[in-house]
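> Next come the chains, spelled out residue by residue.
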Amino acid sequence: MNIEMIGINHKTSDLAARDKAAINPERFSEVTGIINGTSGIDGSAILSTCNRIEIYTSPRKHLSDSDLKNIFGKITGLKKIEYEKAYVYRDEAAVRHLFRVASGLDSQLLGEVQILGQVKSAYYSALEIGSVTGFLNRLFLKAIECGKFVRERTAVSQGAVSVAYAAVDLAGKIYGNLEKLRILIIGTGETGRLAATHFHGAGVSSWKVSNRTRERAEALAKELGGEMVEFPPSADNITWADIVVSATGAPGYIIKADDISHIIKKRDNPICFLDLAVPRDVDPGLRDADNTFVYSVDDFNELVEANLKARRKEAERAEKLVAQKVESFVKWHRENRVAPTIQQLQEIVEGIRLAELEKSLDKFSESDRETAEKLTKSLVKKIISLIILNMKKASVDKDDLSLARSVLLAFSKEDESIKKTLEILDHELSHQ
Amino acid sequence: MNVLFALLPAVIVAIFGGLLATWLHLANRPNSYIEKWALRISRFLLLIYFVWLLLLTLYQKQIPFVNVGQLTAFIGFLIWAAHLYVQKRMGQGILVILPILTVIILILSSLALGAQPVEIPHIFKGRMVSFHITFALAGVALLLGAGVYGLGYLILHRQIKKRRFGPFFSMMPSLNDLDRLRSLTITSGWILVTVGVLGGAVWMLIRNDLYEALSGHLGIAIAFWVIVSLMTAASRFRWLRQHQLAGFSALISAVMIVLIMMSIIVTYPGVIK
Chain A
1 MNIEMIGINH KTSDLAARDK AAINPERFSE VTGIINGTSG IDGSAILSTC NRIEIYTSPR
61 KHLSDSDLKN IFGKITGLKK IEYEKAYVYR DEAAVRHLFR VASGLDSQLL GEVQILGQVK
121 SAYYSALEIG SVTGFLNRLF LKAIECGKFV RERTAVSQGA VSVAYAAVDL AGKIYGNLEK
181 LRILIIGTGE TGRLAATHFH GAGVSSWKVS NRTRERAEAL AKELGGEMVE FPPSADNITW
241 ADIVVSATGA PGYIIKADDI SHIIKKRDNP ICFLDLAVPR DVDPGLRDAD NTFVYSVDDF
301 NELVEANLKA RRKEAERAEK LVAQKVESFV KWHRENRVAP TIQQLQEIVE GIRLAELEKS
361 LDKFSESDRE TAEKLTKSLV KKIISLIILN MKKASVDKDD LSLARSVLLA FSKEDESIKK
421 TLEILDHELS HQ
Chain B
1 MNVLFALLPA VIVAIFGGLL ATWLHLANRP NSYIEKWALR ISRFLLLIYF VWLLLLTLYQ
61 KQIPFVNVGQ LTAFIGFLIW AAHLYVQKRM GQGILVILPI LTVIILILSS LALGAQPVEI
121 PHIFKGRMVS FHITFALAGV ALLLGAGVYG LGYLILHRQI KKRRFGPFFS MMPSLNDLDR
181 LRSLTITSGW ILVTVGVLGG AVWMLIRNDL YEALSGHLGI AIAFWVIVSL MTAASRFRWL
241 RQHQLAGFSA LISAVMIVLI MMSIIVTYPG VIK
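Top line first, the protein sequences correspond to chains A and B. Sequential numbering of the first sequence, starting at 1, is according to this note's numbering. Sequential numbering of the second sequence, starting at 1, is according to this note's numbering.
One chain only, chain A, in its complex shape (with noise of 0.2 angstroms):
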């Protein structure tokens, strides 16, 4: 198998060395060119993300360690101690491994749904360049694919697992579509902004802000196309949402039952706060109140933690998944490399079997012609089958090429076909 992958991620690097070596789009041809540039790569693919900086080659023979690390460098340009970090993973682990990270697997929150987008543009980018070989091309559909099947068949990507995303997930539990909500948002800080690009990514387009910044209070409502409240809101700002998000850093309650306890009976749909500060802002005497749901950062780090959990149970049946999927493509693979091999076996027989037939058709008559047309045909028919099935055989469940490779030389003859694929069989029995 010719692949090979050299990267560095949230695990190897800290957010420095990441962010040093990300490529961005614009530099993706470049960088190709000087991959492809390198003496035996045919073909290459460019991950890069936030958490991981991945380079996926396909060579013609597979490059040492250091090799591929020093190319890695040269790229990236992170110092010897920082790429020398790099993980590096050929064959079926390089498979594997990029099943693993499309199916969110190996990313820093398990079962995350961004990776499998970012490697779909890695594959785009790829092919826009023109570096997709055959065989990185099926590696990177295949992935996609396995990143799909796994969401699909398992929970490994529900639930939220931030506190901000908790929050809408939590609203959205109450209300269902957010639409058509109206929010509140008091603060600003990076809490209260980090919890209004979730709500209003979900939908809301109905937005009142609330800072004791005014200047910052304006800035966020313009963003969101919504309207600039006085700090702390007013009872009638807060009761005209369907949830309030409070994330200041007071060091009392913002929202005081008593001021607000009386207008919220009136109210016919329920009300949410949703308090992301620390030390709180909503007085927990609403806890109790009727037709109002209220909740903290424990409540949400609560949720967030259950739902971890249950990712974490889902990741086993997950990789259960990726394996199959692993061994399905590795499958494809051995078989996929006899077949130059099956091909000229069948064209070198056939032709015999034609010239056999030539030479002796002048001692048929008519119908007997046809008989041992049909009889040729199929005596050639079960010889090579029971060739090809054990040459599959081998190749699928040995790994062993050796079969294939005499098979070839047995039928050999001065020919630049079979030399070429004699010499793709040889890199490959090198590698077993």
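These are computed hints drawn from the structure, not numbers from a lab. One or more of the hints may lead you astray.
Some chain B residues flagged as far from chain A (calculated, every beta-carbon gap over 12 angstroms) [stated by the list, open to error]:
#1 Asn2
#2 Leu24
#3 Phe44
#4 Ile48
#5 Ile104
#6 Gly114
#7 Gln116
#8 Ala201
#9 Gly219
#10 Trp225
Pairs of lysine-lysine residues, derived as DSSO-like cross-links and limited to a Cα-Cα distance of at most 27 angstroms, are as follows [claimed, not checked]:
#11 B:Lys36 <-> A:Lys148
#12 A:Lys265 <-> B:Lys161
#13 B:Lys161 <-> A:Lys266
#14 B:Lys162 <-> A:Lys309
#15 B:Lys36 <-> A:Lys320
#16 B:Lys36 <-> A:Lys313
#17 A:Lys266 <-> B:Lys162
#18 A:Lys256 <-> B:Lys161
#19 B:Lys161 <-> A:Lys180
#20 A:Lys148 <-> B:Lys88
#21 B:Lys162 <-> A:Lys313
#22 B:Lys36 <-> A:Lys120
#23 B:Lys36 <-> A:Lys142
#24 B:Lys162 <-> A:Lys256
From the three backbone atoms N, C-alpha and C, an ideal C-beta is built for every residue, glycine too.
Take the given structure of chain A and dock chain B to it, following the hints.
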């Protein structure tokens, strides 16, 4: 005969059993691929169930409700049809298990009670009675669904309030979706029940000789229709809050089951000896 009264219902129960096992498995291990197939099989089951009842109808030249065994099978079919009608509009998550379980129990009851036709009682002769019973029972099936969604709402509401984020929490539709499901089934159920009641009124006009025999059923039916209409109005005009409506629906469903049992007792000959 054996095919119609034993083999076919047994096959249907077996497939429903398989479907129940599949959903119980899905509750523990979500798998969207298997879920898609489970939904396809659900539709296929409705078809087989329909064929069974159609054959029964052709056999006895009357819709199968002429004895209690047939009635339970017929209600099971209507519950399954109502479930698929709702499912087509909105996903129900793990709640699918409830109609499957109910239908299995109803078909098994039908097998135990015997669906073989007796001579059709004189009160069940005529087209109008078929019209009345079919529409009324279809409405009841949907209203029972409303009760289930109401109950589901109450349980999920409690879980969210109490911060219990277990498997039930993740497999249930959202609170709002449960409210919409309840509202959809109440409105559709009320329309069908009302059509059924009107059909019943016409039937009474045509067969006024039955008035005395059905007076008990008539009282129950009117009380039932008034309660259901009140519930529908409360839901439609939002007289109550979501969780109150959910509780009301669950309660009405429980009452409805009692009323149906009473109605069967007073209507079906031979139920009480």
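> Next, verify each hint and record whether it holds.
For each hint, the structure was consulted:
no. : hint                  : verdict
1   : Asn2                  : 41 angstroms, holds
2   : Leu24                 : 15 angstroms, holds
3   : Phe44                 : 22 angstroms, holds
4   : Ile48                 : 28 angstroms, holds
5   : Ile104                : 27 angstroms, holds
6   : Gly114                : 44 angstroms, holds
7   : Gln116                : 45 angstroms, holds
8   : Ala201                : 36 angstroms, holds
9   : Gly219                : 36 angstroms, holds
10  : Trp225                : 27 angstroms, holds
11  : B:Lys36 <-> A:Lys148  : 15 angstroms, holds
12  : A:Lys265 <-> B:Lys161 : 17 angstroms, holds
13  : B:Lys161 <-> A:Lys266 : 20 angstroms, holds
14  : B:Lys162 <-> A:Lys309 : 20 angstroms, holds
15  : B:Lys36 <-> A:Lys320  : 22 angstroms, holds
16  : B:Lys36 <-> A:Lys313  : 23 angstroms, holds
17  : A:Lys266 <-> B:Lys162 : 23 angstroms, holds
18  : A:Lys256 <-> B:Lys161 : 19 angstroms, holds
19  : B:Lys161 <-> A:Lys180 : 23 angstroms, holds
20  : A:Lys148 <-> B:Lys88  : 25 angstroms, holds
21  : B:Lys162 <-> A:Lys313 : 25 angstroms, holds
22  : B:Lys36 <-> A:Lys120  : 25 angstroms, holds
23  : B:Lys36 <-> A:Lys142  : 23 angstroms, holds
24  : B:Lys162 <-> A:Lys256 : 21 angstroms, holds
Hint check: no violations occur; every hint is consistent with the structure.
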